[in-house]
Amino acid sequence: MALTWRAAVLAALGIPAVLVVPVPGTVLLWALVVLVVCAVDAALAASPREVAVVRRVPPSVRLGEPATSDLEVTNVASRRLRALVRDAWPPSSGAVAPRHEVDLPPGDGRRLRTVLVPTRRGDAHADRVTIRSIGPLGVAARQASLEVPARLRVLPEFASRRHLPSRLARLRELDGRAAVQVRGAGTEFDSLREYVIGDDVRSIDWRASARRSDVVVRTWRPERDRRVLVVLDTGRTSAVRVLDAPRIDASIEAALLLAALATRAGDRVELLAYDRRVRARVAGTGGPRLMPALADALATAHPELIETDWAGVVSQVRERLSQRALVVLLTALDPAVVEQGLLPVVDQLTSRHQVVLASVADPELHELSQQRGSAAEVFDAAAAERVGLERAAVAVRLRQRGVEVVEALPDDLAPRLADTYLALKAAGRL
Amino acid sequence: MTTTAPAPVVGDGTTARSRATGRWRRWRGPIAILSLLCVVGLLAALPEPRTSSVPLAPDSTAATGARAVAQILEEQGVQVTFVRRASAARAAATPGSTVLLAGDRNIFDQSQFDFLADLDADLVLVDASWPASELAGVDSSWSDVATSAALEPGCDDPDATAAGSLRASGRVLASSPDTVVCFRGPGDAADQGAYTVRTVEGQRVAVLADAAPLMNAHLAEAGNAALVLRMLGRHDHLVWYLPSPYDTGSDEGEAGPGLGDLVPPVVGVLGLQLLLVVVVVAFWRGRRLGRLVTEPMPVVVPAAEATRGRGRLYRRSRSYGHAAAALRAGAASRCARRLGLPGSTPAPQLIDAVALATGRRNPDVAALFYGPPPTDDSALARLARDLDDIESEVQSS
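These protein sequence lines are chains G and P, in that order. Mind the numbering: the first sequence is residues 152 to 581 in my numbering, read in order. Mind the numbering: the second sequence is residues 128 to 524 in my numbering, read in order.
Rather than coming from a laboratory, the hints here were simulated on the basis of the structure. Misleading hints may appear alongside valid ones.
Some chain P residues near chain G, calculated using beta-carbon distances under 8 Å [claimed, not checked]:
(1) Pro135
(2) Val136
(3) Gly138
(4) Val396
(5) Leu399
(6) Leu403
(7) Glu422
(8) Pro425
(9) Val427
(10) Val428
(11) Ala430
(12) Thr434
(13) Gly438
(14) Ala453
(15) Leu507
(16) Arg512
All C-beta atoms in this analysis are idealised placements derived from N, C-alpha and C, irrespective of residue type, glycine included.
Generate the whole structure from the sequences, applying the supplied hints.
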């Protein structure tokens with residue numbers, strides 16, 4: 152039961168009656184009239200429970216892109232349905248104008264479209280569909296909320312894909328497949344071809360040249376079919392906000408760009424999101440199905456407020472990888488955390504694999520270390536300086552153990568990690 | 128993009144019956160509590176007659192009240208009418224009734240009592256010296272010596288002799304010889320006593336000098352009860368007039384028109400109707416179109432929070448040494464990097480290199496990078512600025 156503005160007007164219409172007959176009985180009588188009119192109107196309204204509702208949403212949408220939630224409303228009652236329908240979604244789904252007015256004769260249906268512009272990664276579960284069926288007088292209404300389950304998976308934005316074309320071009324340069332035949336410094340033997348002026352004389356294959364009358368050079372191509380394991384740390388340090396976005400968002404962007412690049416380069420990419428247990432895993436998927444699988448798995452990766460178990464990470468990696476591989480740790484270069492967690496066990500990783508640690512740097516740290524306004528600010532600057540030194544020290548210790556450390560601002564982390572990958576590939580260190 | 132094809136949802140799985148049951152389940156607790164409160168409130172309010180604590184009021188249960196007398200009189204068939212205003216007293220005093228004027232504490236104007244003389248009713252004036260002198264021609268005096276012992280009647284008034292004794296403080300002085308004065312104290316003159324009865328122009332006027340015999344606390348003492356009950360219970364109707372300080376004695380009998388008398392009568396009803404409109408509007412605006420949708424909020428942990436905390440910690444503990452060491456180490460490592468030296472360069476080599484790059488003297492550079500720690504805020508700020516200067520010089524070299 153719900154009232155409309157007309158009910159208020161009906162109640163206000165009693166004021167002249169009261170002025171004519173100023174006794175309390177008039178008010179009582181008018182209240183009775185309003186009550187009866189509302190009750191009759193609500194009783195005459197079509198039942199909101201005799202409406203067939205189907206909600207259709209796309210299974211997933213990229214963060215920041217609009218999606219539509221289609222609500223098919225069919226009047227299965229014998230009365231005409233005049234109703235207000237609300238397609239309820241959580242606030243972060245960004246539902247634009249979720250209220251719709253419908254006027255349906257019996258048996259008729261209509262499609263109501265609500266545009267959703269999600270503002271947060273993850274699964275958005277639709278709430279109830281509320282139907283307020285208004286009576287023929289438009290004074291009162293009957294209302295019911297129906298459970299119409301629907302889920303919209305909001306995938307990571309993958310804004311770093313704009314860096315992909317330039318990195319792919321670099322990869323092709325490495326590959327020797329570029330239109331301009333610049334031979335890359337690959338490490339795997341590719342083929343023999345005739346010497347042309349400009350080729351490095353060191354690459355002349357004398358044995359092959361001896362068999363033929365021409366001078367033949369070897370060409371190389373970058374190594375292929377290497378394995379890349381991206382480990383996304385979803386522990387408490389990933390919840391920390393840098394430039395108003397949690398660290399994990401930048402890490403996910405970097406993971407996606409690296410995966411896109413590596414899969415084009417012919418490597419096999421696996422993903423593991425871990426804190427104290429596995430939060431997401433993508434393995435054994437290749438080719439065009441990899442990126443959707445990654446986006447799907449990373450959509451629901453959220454920071455957990457627990458300390459990451461690095462020994463567990465190591466055992467997961469050893470379980471997963473038998474041969475040498477590139478292990479990319481997307482975590483935070485937090486001196487205390489790294490010293491307690493990663494440093495004691497990192498040797499077990501570096502002894503068998505090439506390890507890259509990618510961390511989001513905080514620009515605020517630099518700003519803090521620059522300020523000199525007051526004594527308090529100088530103390531803050533000193534603290535920031537100390538934190539920066541500690542980070543540098545821990546990065547040095549990691550490098551000494553053979554870990555490549557990449558530290559960059561949130562927007563730069565993905566391209567920097569891609570560049571590191573390309574550099575490692577060019578050097579044949581995968 | 129592919130879409131899922133779910134089955135249509137019709138209804139929320141409830142029937143009118145299940146909804147009614149659900150509503151009843153939800154509301155029966157509050158309804159039970161509310162009705163219980165109502166019942167308890169009614170039980171508490173109904174059998175309890177109204178009481179007050181006004182001295183000498185027939186509904187007062189205090190020690191100075193007179194509810195005991197009033198109740199005994201009512202049990203004996205005397206109808207007690209309690210009034211606070213002169214006009215009400217005049218209206219209530221039917222011929223052949225008794226009018227009690229209880230106390231003159233709140234009498235400020237003669238009009239509050241002079242109408243009593245015109246009434247066709249017996250008067251009883253208790254502790255009311257001014258009315259007594261005006262109406263009965265007897266003066267009153269106060270004495271507190273006679274409270275200890277009960278007084279003997281010492282007269283032939285039937286009420287007094289029936290009472291036998293009285294314990295009261297005040298005295299009346301009869302100025303005319305036809306006055307019967309009873310209950311004289313040991314040291315009193317012949318025309319001095321606690322109780323007197325006189326007939327003035329056909330009206331019987333009894334004067335009791337002290338109000339104590341009426342009070343709940345003293346009613347049971349000596350012959351107080353007998354005298355008071357006989358005095359007040361002469362007729363079937365007793366008007367209990369307890370003057371009010373707010374009684375102006377005017378003929379309207381009201382303190383003046385209130386706000387309710389000044390506004391037209393339609394306003395109250397109009398207010399009721401507006402209340403109805405407000406209630407309807409509240410129901411219109413108050414009903415939500417479906418429930419609020421909730422979702423978990425992400426945690427917000429600013430990255431620099433720990434660093435700022437560390438800065439505050441430095442400051443609170445006045446760790447100039449630590450702060451200066453951090454600033455110096457940061458500047459030194461940046462200078463070393465700029466000059467192409469490894470991070471592990473020993474101090475003398477770094478000092479030499481920086482001095483060479485900036486053209487400063489070696490001891491100055493050494494004092495800046497490795498000197499004693501500052502001891503106050505200004506020294507620390509100066510050190511920070513000096514380090515900035517030398518760093519920029521190294522950068523531009």
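Point to revise | Earlier hints that do not hold, by number | key: none
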